[in-house]
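J.: Residue-level listing of the chains:
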Amino acid sequence: MFGPLQAQVVIIAHKDVPVEQLTQPQLLDFYTGDIKRWKNKDPVVVFTLKPKTALQDSFFYLLGKTSSRMKSIWMKNILSGEGDPPESLISESAVLQKVATTPGAIGFVSQDSTNNAVKTLMINKGKTWPLF
Amino acid sequence: MLSLRKRQNGVIRYYILLLFSLLYISSPAQAQFGESDLRIFGYFQTLFHYQNQDLPKRKLSSFSLQQLNLFMQKDLAQNWRAFINIEGVNTFNSKRNWGSLRFEEAWARYRSGVKFNLKVGLQIPTFNHFNEIKNRTPLLPYAIRPLVYETSFEEIISVEEYVPTRAFVQAYGFLPHNNFKLDYALYIGNSPNINDLKDNGQTGIDTTASLLVGGRIGIRFLGLKAGVSTTRQNIDFFDFAANIYGGSENLYEDVIQTRLGADFSLDLRRLYLEGEYISVSYEEINATANIDKDFYYGTLGYDLTEHALIYGTYWHTGEEFQIITFTVDVFSAGLSYSLNDRTKLKAQYARVKIREELKVQLGTTLPRVDRSKFHYLGAALSIFF
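From first to last, the protein sequence lines are chains C and V. All the letters of the first sequence, read from the start, carry residue numbers 900 to 1031 under the numbering used here. All the letters of the second sequence, read from the start, carry residue numbers 3 to 387 under the numbering used here.
It is possible that some hints are incorrect.
To be verified - Non-contacting residues of chain C with respect to chain V, defined by C-beta distances greater than 12 angstroms in every case (computed):
(1) V918
(2) Q920
(3) I977
(4) S987
(5) L995
Unchecked claim - Computed cross-link-like contacts, EDC-like style, restricted to lysine to aspartate or glutamate with a CA-CA straight-line distance of at most 16 angstroms:
(6) C:K970 / V:E163
(7) C:K951 / C:D915
(8) C:K975 / V:E134
(9) C:K951 / V:D331
(10) V:K117 / C:E981
(11) C:K970 / C:D983
(12) C:K970 / V:D269
(13) V:K76 / C:D915
(14) C:K940 / C:D956
(15) C:K975 / V:D343
(16) V:K183 / C:D933
(17) C:K951 / V:D269
(18) V:K76 / C:E991
(19) C:K997 / C:E986
(20) V:K227 / C:E986
(21) C:K949 / V:E308
(22) C:K970 / V:D305
(23) V:K227 / V:D294
(24) V:K375 / V:E359
(25) V:K117 / C:D933
(26) V:K59 / V:D39
(27) C:K1018 / C:D933
(28) C:K949 / V:D305
(29) C:K970 / V:E359
(30) C:K1018 / C:E986
To be verified - Here are the simulated distance ranges between beta carbons:
(31) V:A79 / C:N976: 17 to 25 angstroms
(32) V:L188 / C:N976: 19 to 27 angstroms
(33) V:I42 / C:S987: 19 to 27 angstroms
(34) V:Q204 / C:N976: 21 to 29 angstroms
(35) V:D198 / C:K970: 38 to 46 angstroms
(36) C:Q996 / V:N99: 53 to 61 angstroms
(37) V:Q55 / C:N1023: 27 to 35 angstroms
(38) V:L188 / C:K940: 45 to 53 angstroms
(39) V:E162 / C:Q1010: 41 to 49 angstroms
(40) C:S987 / V:K200: 44 to 52 angstroms
It is worth saying that the hints were derived from the structure and are not from the lab. The beta carbon of each residue, even a glycine, is placed where N, CA and C say it ideally should be.
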């Protein structure tokens, strides 16, 4: 769990995702679109929250970016034809439902919202995992 | 027995049913092979600028549609994407001969993975950090971009001399290692000797046998990005160089031009710092023909809030001619404010100093050094649709 005290964010993934932990740089790579596939070659499907909330701020804090900087990265991907931004969902329950039913999916919710339909990923700093 | 009209209606209903059946069958097949719908999107930037020149005294102010870009994108199959970018600048109007409209990009890309991508077609080559995004106005806080990247100034500054503008085959990607990424890009394209005269045959084609060759290697580590770039191409200066510098016209065919670039950017959450250096040099033809030039800029920016960003920036160009050294120095500062994810307001002030220095004294009336300066205020609205 990471983030300012206002919101404790947890990273969730579809149960078939082939990892139990990620480093912070790897998580950033998924959300910037630099890494698009898991080690098993399945596509990484990334979800984010649409409304600006303390949870969203905590997540961007975890990534080491401001929300405006992440939006700029996503827009650059769109305008260069290099990728698409994460799908934005209107609520944490929508994120949970989408991640649980989309192979290769990853998202974030608050600690109190997660359930057994998804897997919770540990986030480590400094260690890498051979994902590619 | 059915009337003719009823039989015709029956045939029409049959073909409509067949058409919908085919669409129903083909849609899952399209999805299976990664084909997507055609996406159309774009942006434009409207600019108001005011200029107050001290030497000589002159004022001007104007609105303009600085830039409009229309994009079309379609995933053709898994790992294949097509992308088109049509760009108009400076309130394009063909009747009144304002601005320009052009195909800026039209390419197909094959993506093998992060380590290898191949892009074929008209494209903006990778050179330093800024070249690829110079015309992506929604991304930029600037109303007016660093000089050699400001396409609306291309009638004043030879943008195409400083940076490569058209490549046609590019391989690129990055090699990951722990938290480091080693970026690379290699490309070929046209030399700048493009035929613009209809009387000389097909326009828009490279009239030389040489090609632009270039590339960039760089490194990314967390918020740090740095790299070096280079291009090489042969330029035919035709007779105008011979007229200026003397000698046979043959001396100025196939002159090797080399660009070297270096870029650096650091993203520290709210604070960012970026800078570039570009050197353009030509092989020595004779002692007097020196037309090398260089450019550098540095920008420091800070996110005041999620919506507001302030920045300060400095730009310098230096050009050598036979008897003149020409330099432009710009100090600029500005603010950009995002009203929402698609709308950005920009305000910018720049103080521009132009200096022309004669390398030799010509007579007694011409000054050795001529200076002019002006103040520039710009306000822009950038819309992404």
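J.: Given the hinted pair C:K1018 and C:E986, is their Cα-Cα distance within 16 angstroms?
T.: violated, 19 angstroms
J.: Holds or violated: C:K949 and V:D305, Cα atoms, limit 16 angstroms.
T.: violated, 21 angstroms
J.: Between the beta carbons of V:D198 and C:K970, is the distance compatible with 38 to 46 angstroms?
T.: Taking Cβ atoms as reference, V:D198 and C:K970 lie about 40 angstroms apart, which means the hint holds.
J.: Holds or violated: are the alpha carbons of V:K117 and C:D933 at most 16 angstroms from each other?
T.: Judged against 16 angstroms, a Cα distance of about 10 angstroms means the pair holds.
J.: Starting from C:K970, check that the Cα of V:E359 is at most 16 angstroms away, please.
T.: Cα-Cα ~45 angstroms, so violated.
J.: Against the 16 angstroms threshold, does the CA-CA distance of V:K375 and V:E359 hold or violate the hint?
T.: holds, 15 angstroms
J.: If you draw a straight line from the CA of V:K183 to the CA of C:D933, is it 16 angstroms or shorter?
T.: holds, 10 angstroms
J.: Assess, step by step, whether the Cα of C:K949 is no farther than 16 angstroms from the Cα of V:E308, and give holds or violated.
T.: holds, 15 angstroms
J.: The hint says 53 to 61 angstroms between C:Q996 and V:N99; measuring C-beta to C-beta, is that right?
T.: Holds, since C:Q996 and V:N99 (Cβ atoms, about 57 angstroms apart) stay within the stated range.
J.: Between V:E162 and C:Q1010, is the Cβ distance one that fits in 41 to 49 angstroms?
T.: violated, 55 angstroms
J.: Tell me if the beta carbons of V:Q204 and C:N976 are separated by a distance inside 21 to 29 angstroms.
T.: violated, 36 angstroms
J.: Range first: 19 to 27 angstroms. Now tell me if the beta carbons of V:L188 and C:N976 are that far apart.
T.: holds, 22 angstroms
Hint violations for this structure: numbers 3, 4, 6, 7, 9, 13, 14, 17, 18, 20, 23, 26, 27, 28, 29, 30, 34, 37, 38 and 39, all remaining hints satisfied.
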